[in-house]
Every structure is written in structure tokens, then in C-alpha cells.
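2 protein chains.
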Amino acid sequence: MSTVTTYKVTGMTCGHCEGAVTGEISEIEGVTSVKAVASSGEVTVTSAAELDDEAVRAAVDEAGYELVGRA
Amino acid sequence: MSTVTTYKVTGMTCGHCEGAVTGEISEIEGVTSVKAVASSGEVTVTSAAELDDEAVRAAVDEAGYELVGRA
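Chains as they are written, first to last, in full-length UniProt numbering: chain A, 1 to 71; chain B, 1 to 71.
Heads up, a few of these hints could be off.
What follows is a list of derived Cβ distance ranges for each label pair [to be verified]:
no., chain 1, residue 1, chain 2, residue 2, range
1, A, Arg70, B, Gly30, 49 to 55 Å
2, B, Val4, A, Gly30, 49 to 55 Å
3, A, Gly69, B, Thr6, 40 to 46 Å
4, A, Glu66, B, Ser2, 39 to 45 Å
Keep in mind that the hints were calculated from the coordinates and are not lab data.
The beta carbon of each residue, even a glycine, is placed where N, CA and C say it ideally should be.
Between the sequences and the hints, there should be enough to build the whole structure, so can you do that?
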């Protein structure tokens, strides 16, 4: 059983940005896949269990972007 | 004695892009410093001698961007 959540992130402009966000969120425990799309600002995260939004916010911040919230 | 040349590059959108271009151009022999600015598309290169534009074009291409020419 896995959970899929889509978040809205501002500031991503290119593939490097997508990679930075993907890399940081992937480090959160329980995350099995991340797909970040700069053009839409949407980041879709698959995880073993429901994620703590604050953990996702911290990861996005660490990458240098801002989490707006769930999409 | 050193040469300073400014090039116009398209496609850079963020600091990661600037870093990618800077990294590739820095590897060209004789280059002593590179400053890439995404907002203007200008890349200023300091080198020991005049650079071969085709070497710069190849480096920019390797980074994933396009050299328009000298600014």
C-alpha cells in the first residue's frame, strides 16, 4: 500500500531545479518516488505512508524552493 | 596578460544553469575565470589567451545550452 500526494512548489525553472527538489524529497524516510515538473510547479510524491507536510516543506526549502501546499 | 570575452548564451534560467555553464567553460584550457548570469544570458570569460569560439560553443552545448555568439 502506498500514498501518492501532489504538492505545489514555487521557484523551479528548469531540469536542474526539478532534480534538486527530487533529490531532497527522496531523502525523506518512506518516500519511494518523486516526480517534479518545473512548468507546472507540481511535485508528485509516492510514499509508503502519509507524509508529514512539514518534512516535505523542509526538504523543499533545503533545495532552495518554497512549498505552497498540497496541489 | 589576459583576455576577457563576453558571450551570449540562451536557455539559462537559474543558478544551477549558471553553474553548469561555468563548470563546462572552466574546463577549457587557458580559462582562468567564468561569470555566467542567467538573467542577461551573458557569460564573461577570462582567459590567458584568445579562445576558440568553437571550443566555447562545444562547452556550452555540453552543459545543455546554446551559444549565440559574442555579446
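Going down the list of hints, with the structure as the test:
no.: 1; hint: A:Arg70 x B:Gly30: 49 to 55 Å; verdict: holds, 51 Å
no.: 2; hint: B:Val4 x A:Gly30: 49 to 55 Å; verdict: holds, 51 Å
no.: 3; hint: A:Gly69 x B:Thr6: 40 to 46 Å; verdict: holds, 42 Å
no.: 4; hint: A:Glu66 x B:Ser2: 39 to 45 Å; verdict: holds, 40 Å
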